[in-house]
Amino acid sequence: MTVLIVDDSAVMRKVIERTLRQAGLPLANVLEAANGMEALERLRTAGEQQVLVSLVMTDINMPEMDGLEFVRQAYSEGLTKDVPVVMITTEGSEQHVTAAIVAGARGYIRKPFTAEQVKVRVLPLVRV
Amino acid sequence: MQSEMLEEIRQDAIRLLDAAVAEVCEMMLAQECVVQLCCHTTFELIHAAVQFSGGMKGVCVVRADESATLQMASTMLREELNTLDAKVLDVLGEMANMISGAWKSRLTPEAAGCRMSVPVVTVSMDYSHGSDSTDSLKIERCYEIGSERLHVTIQIQPDLHNCPDLP
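Just so you know, the protein sequences line up as chains A and B, in that order. Under the working numbering, residues 1 to 128 are what the first sequence spells out, in order. Under the working numbering, residues 1001 to 1167 are what the second sequence spells out, in order.
One should not assume that every hint holds.
Said to hold, decoys possible - If you anchor each label on the Cβ, the simulated ranges turn out as follows: (1) 1057/B - 123/A: 25 to 31 Å; (2) 97/A - 1120/B: 34 to 40 Å; (3) 1031/B - 81/A: 39 to 45 Å; (4) 29/A - 1005/B: 53 to 59 Å; (5) 76/A - 1011/B: 46 to 52 Å; (6) 2/A - 1006/B: 48 to 54 Å; (7) 123/A - 1008/B: 39 to 45 Å; (8) 2/A - 1157/B: 41 to 47 Å; (9) 75/A - 1034/B: 43 to 49 Å; (10) 114/A - 1006/B: 32 to 38 Å; (11) 95/A - 1146/B: 35 to 41 Å.
Unchecked claim - Mimicking DSS-like on lysine-lysine, the simulated pairs with C-alpha atoms at most 30 Å apart in a straight line are: (12) 1138/B - 1057/B; (13) 81/A - 119/A; (14) 119/A - 14/A; (15) 14/A - 1138/B; (16) 1087/B - 119/A; (17) 14/A - 81/A.
Stated by the list, open to error - Heads up, incomplete: computed chain A residues facing chain B, CB under 7 Å, no partners named: (18) 11; (19) 12; (20) 49; (21) 95; (22) 98; (23) 99; (24) 111; (25) 112; (26) 114; (27) 117.
Since the hints were made in silico from the structure, they are not lab data. Every residue gets a Cβ at the ideal spot worked out from N, C-alpha and C, and that includes glycine.
Bound-form chain A, shown alone (with noise of 0.2 Å):
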């Protein structure tokens, strides 16, 4: 399967696909992006290529175009019409949390997180 993995740290992006295979996802490929902008380009260029991304996982506070941005545009041009986007930040407010589901994500998920965290609220999601 293939994941879209945004955050402008590319320490956590690392971090965060490592704690996807623990949880047992089988990652046949990892896109990878360190921002909004980046990861609608990401988006854009696999539905061109017909690559099926099974996954998105997606920072909030990102410098150029923030998480709510990016799932918000990306769910406008259809992008992830049939893709589950999951947000994985330090923002874990109740008003982050509202702002991400009506922004268009189907899960939430805040830092640090655990590979037990992400096979319950993550791994249901997905399609495998």
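Given chain A's structure and the hints, the job is docking chain B onto it.
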């Protein structure tokens, strides 16, 4: 009266910070942290700062020396790292990000709703953050993680005239 209220808020902020740092260390580094009462901070070279804005204004600064930063980066990335490069500095930035977020999420809904900036990492012998405002609340904590030390400073402007920003 105001100083008593400020001290009460300060003690709550410290308790919540200790819990936040412990959570981040345990989940990201698989290590326990021990609070160090003596908090002398003249040798810390690397500073990672996250600003709070909106419902609560302030800054959280995480500082560590080169050895501690390399140790944290090696543990988090599970590879041996010996050079202070962008990847290693990124780790301290993410530690600041997660500690700030974990602390903020423990506050009242009003305070927890404030926004956080992306972390800014600076390598410097002498770098100051925040302000010298007398009505601000400043807490400084030092934590021992394995054989290394991590310093955390939070400075906020509490609203003493309305509901307190902290529980």
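Verification of the hints:
1. 1057/B - 123/A: 25 to 31 Å: Distance hint for residue 1057/B, residue 123/A is violated at roughly 39 Å.
2. 97/A - 1120/B: 34 to 40 Å: violated, 26 Å
3. 1031/B - 81/A: 39 to 45 Å: holds, 42 Å
4. 29/A - 1005/B: 53 to 59 Å: Given about 55 Å between the Cβ atoms, the range holds.
5. 76/A - 1011/B: 46 to 52 Å: Check passed, 47 Å falls within 46 to 52 Å.
6. 2/A - 1006/B: 48 to 54 Å: This hint holds: roughly 52 Å between Cβ atoms.
7. 123/A - 1008/B: 39 to 45 Å: At 43 Å between Cβs, range holds.
8. 2/A - 1157/B: 41 to 47 Å: Given about 46 Å between the Cβ atoms, the range holds.
9. 75/A - 1034/B: 43 to 49 Å: holds, 46 Å
10. 114/A - 1006/B: 32 to 38 Å: For residue 1006/B against residue 114/A, whose Cβ atoms are near 36 Å apart, the range 32 to 38 Å holds.
11. 95/A - 1146/B: 35 to 41 Å: holds, 36 Å
12. 1138/B - 1057/B: Holds. Residue 1138/B to residue 1057/B sits at ~12 Å (cutoff 30 Å).
13. 81/A - 119/A: holds, 23 Å
14. 119/A - 14/A: holds, 18 Å
15. 14/A - 1138/B: Violated: residue 14/A and residue 1138/B sit about 34 Å apart, past 30 Å.
16. 1087/B - 119/A: holds, 28 Å
17. 14/A - 81/A: This hinted pair holds, its Cα atoms lying about 26 Å apart.
18. 11: Holds, because the Cβ-Cβ distance from residue 11/A to chain B comes to roughly 5 Å (cut-off 7 Å).
19. 12: holds, 6 Å
20. 49: With Cβ-Cβ at 29 Å, over 7 Å, it is violated.
21. 95: Given a least distance of 5 Å, the restraint on residue 95/A holds.
22. 98: This interface hint is violated because 10 Å lies over the 7 Å limit.
23. 99: For residue 99/A, the interface hint is violated, since the closest Cβ of chain B sits about 10 Å away, which is over 7 Å.
24. 111: holds, 5 Å
25. 112: This hint holds: residue 112/A lies near chain B, its Cβ roughly 4 Å from the closest one there, short of 7 Å.
26. 114: holds, 6 Å
27. 117: violated, 9 Å
Of the numbered hints listed earlier, those contradicted by the structure are 1, 2, 15, 20, 22, 23 and 27.
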